[in-house]
Every structure is written in C-alpha cells, then in structure tokens.
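J.: Now that you have both chains on their own, put them together as the hints suggest.
If you're matching them up, the sequences are chains A and B in order.
Heads up, the first sequence is in my numbering, so the first residue is 1 and it goes up one at a time.
Heads up, the second sequence is in my numbering, so the first residue is 1001 and it goes up one at a time.
Check the hints yourself; a few may be wrong.
[What the hints assert, rightly or not] Some chain B residues near chain A, calculated using beta-carbon distances under 8 Å:
no., residue
1, F1060
2, F1069
3, L1081
4, L1083
5, L1090
6, E1101
7, F1104
8, G1107
Because the hints were derived from the structure by calculation, they are not lab data.
What you are looking at is a predicted structure, and each value in this text was computed from that prediction instead of being measured.
Cβ coordinates follow ideal geometry from the N, Cα and C atoms, glycine included.
Take a look at the letters that make up each chain.
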Amino acid sequence: SQQGEEDPQALSIQEGENATMNCSYKTSINNLQWYRQNSGRGLVHLILIRSNEREKHSGRLRVTLDTSKKSSSLLITASRAADTASYFCATDPGNYKLTFGKGTLLTVNP
Amino acid sequence: EAGVTQSPTHLIKTRGQQATLRCSPISGHTSVYWYQQALGLGLQFLLWYDEGEERNRGNFPPRFSGRQFPNYSSELNVNALELEDSALYLCASIPTGGLTEAFFGQGTRLTVV
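Same shape as in the complex, but just chain B (with noise of 0.2 Å):
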C-alpha cells in the first residue's frame, strides 16, 4: 500500500512568489491535514480538509490557502510568499471516522529567497 505522496520535496520560490504543494493521502482515507514546521519549532497546524471541505484553519493568514480533490488528494497554496514562510510543510492523511494514527508524507521544504 502506497503512503503519503507529497510533491516537490524541494521548492524555491522568490519572495512574492506563489508555490503551490500537493499531497496524495492513502488511499480511502478522506481526512488531509497540513502543518508548517519552521527550522527548530515544532508543528503548527495550518488547515484540515475532510470529504472535500476546510473544517478548520490555525492562525495563519489567508494567503495561506489550498483545496480538497473529488480524488481527496490536497493543495497548498501560499501567496506573495514571505522570507519567513521558509519552512518544511507536512501533510498528513488520517482514515475516515475517527482521529486515530495520522500518517505523514516526507514533506516538501520550501526556501523563499
């Protein structure tokens, strides 16, 4: 059974630039979750989207956006990129039904210039 897929593994964008991630979860599994994990700091949520809708968004500011497929493979989007969003970006897939184990993809480490 294949994990979660996440693509690019590396990015680098300039500032004021938009990048867009993208993340496969396992398949049947309905729940996508994205975090931000700057050098040195733990995760920060950023988004939740299960059968195709944003149920919840951390503290980030709306240029942080993304989106659900009908297939429940996800995006990231994050606009007029700033030298601080420089971060490793983990998506994580959970089966559908519950919070039980989460599991994650390798991330995508995005460097803003």
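Just chain A, same shape as in the assembly (with noise of 0.2 Å):
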C-alpha cells in the first residue's frame, strides 16, 4: 500500500509561475524526501526534511513538513520548462522502508 499520497495527480502552469504540490502520509516518521522523474526513467533526489524540521529549502525549491497533519508541501519557485516532470515524495517510517507516493504530474508549458 502507498504510504504517501500527491496531490494533484496533475498540474500545468505556464513557465515562470510557482508550481506547489502536497503529499499526505499515514505513519509517522524520521524524514520525509521529494524525488524528480523525468520521462519514466530514474529518480533523482530533490531534498530531504527531517520530522523535526518544519521547512527547508533548495535553490528554487521549497519544503515544508507538518507533522501533526502527516503532509508536506513542495514549492518550486519561477518554473521553466526543463521542471516538467513527475514529482514523488517518500517517507521512511522507521524501518528503513522508503515508500512512495503515485506522484504528481508537473507540466510547464513555455
């Protein structure tokens, strides 16, 4: 079963705009992590958060870690058209387990 949930399973903006993206989770745990896939090939690490940090940031990523509702937003700033994408995030629970989400479909249009 997913452990973690992305929503919206789809977005499309227009290059420039900010694009944001959330993930709800069921169990607690130690971190919580934002991958990139492009085109059905390999993951690539965005950022990490630990549970007791409540935002973090990256270049022109944004993170940020609710505990208490079990989500996570993920916002990237001025998109460009090289951001299109899936976006996933992955918890791990504790026991070393990281799970995924079914992603979010990012389009930017040029």
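T.: Listed below in structure tokens is the structure:
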C-alpha cells in the first residue's frame, strides 16, 4: 500500500509561475524526501526534510513539513520548461522501507 | 564517481519465462532497494538488501526474488512471468548507516508478451 499520496495528480502551469504539490502520509516518519522523475526513467533526489524540521530551502525549491497533519508541500518557484517531470514524495517510517506516493505530473508550458 | 547502473535497459520475455535484472550500486553503498513501477503508477517497494542479506520485502509473490553479492551488486529474479509484470524496475542504492538520499539507476524496462 502507498504510504504517501501526492496531490494533485497532474498540474499544468505557464513558465515563470510557481508550482505547489502536496503530500500526505499515514504513519509517523523519520524523514520525508522529494524526488523528480523525467520521462519514466530513474528518480533524482531533490530534498530531504527531517521530522524535527518545519521548512527547508534548496535553490528554487521550498519544502514544508507538518507532522501534526502528516503532510508536506513542495513549492517550485519561477518554474521553467525543464521542470516538467513527475514529482514523488517518499517517507521513511523508521523501518528503512523507503515508500513512495503515486506522484504529481507537472507540465510547465513555455 | 559512477552512478547506479542497471542492466539490461530493456528486456522482452514471453509469459512463463524467467527474467533476471542486475544492479550495481555506487561504490561504498551497501544497501540496495528494488522497486516496480507499472505504467502510470507509483513506485511499489519490492525488496531491500543490506550487507548481503534480505532485510525487507514488499507485498509481492515469492516468484519475485533476488540476492546481493559480496561486492554489494544485486540481482532481481522474476519467475513464471505474467503479463502484469510488465513494468519499469528501478534499483536504488543508499550509503551505509542510515536512510538518507537514495541514488537511482535508470531502470530496466521489462515487457512480457
């Protein structure tokens, strides 16, 4: 079963706009990670946020974590066409079983 | 530094046959994870190997099996292939000592006809 669920399933925006994706999970976690997948190939790690952190930044990415609501959000600012990809959240509930959601397909139109 | 490598890139098999997929982790990484990604779906956790031992497995039938070799490379075997086994199989390696960033290979696209 999926531990994390991303929302929305698909998102289409114009270049330069911001994109926000959400992730909800079910059990307590040690950390939450976000990954990007281009065209059905390998995943690339974007950012990791630990359970005792509330917000983290990396370049144009901002991740928030609300452990009381068991949810996280990924914000991509000033999006580019190259950001078009599927984005997945992954959680580690503490048993080293890194579990992924179904992903959000982001399309950035030039 | 070489990344995670998977072979073959594509594999076409007939229903009922066996498939063997291979993964070489990043040098120094002892943990290898296997995932199945069927078309349009998320990643389903298959197997986790660490230090040569199977540490955890997902909700897959026993015909999905694997092993990890002394050099930490890993092999995934799928016996008695079924049409619904058609998917992208992804391998990831993680450094020793904790679950942090996972490094993924480019995957093996398995097609069962």
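J.: For each hint, tell me whether it holds in the structure or not.
T.: Tested hints:
{"no.": "1", "hint": "F1060", "in the structure": "violated (13 Å)"}
{"no.": "2", "hint": "F1069", "in the structure": "violated (20 Å)"}
{"no.": "3", "hint": "L1081", "in the structure": "violated (20 Å)"}
{"no.": "4", "hint": "L1083", "in the structure": "violated (19 Å)"}
{"no.": "5", "hint": "L1090", "in the structure": "holds (6 Å)"}
{"no.": "6", "hint": "E1101", "in the structure": "holds (4 Å)"}
{"no.": "7", "hint": "F1104", "in the structure": "holds (4 Å)"}
{"no.": "8", "hint": "G1107", "in the structure": "holds (6 Å)"}
In terms of the numbered hints stated before, the structure departs from hints 1, 2, 3 and 4, listed from lowest to highest.
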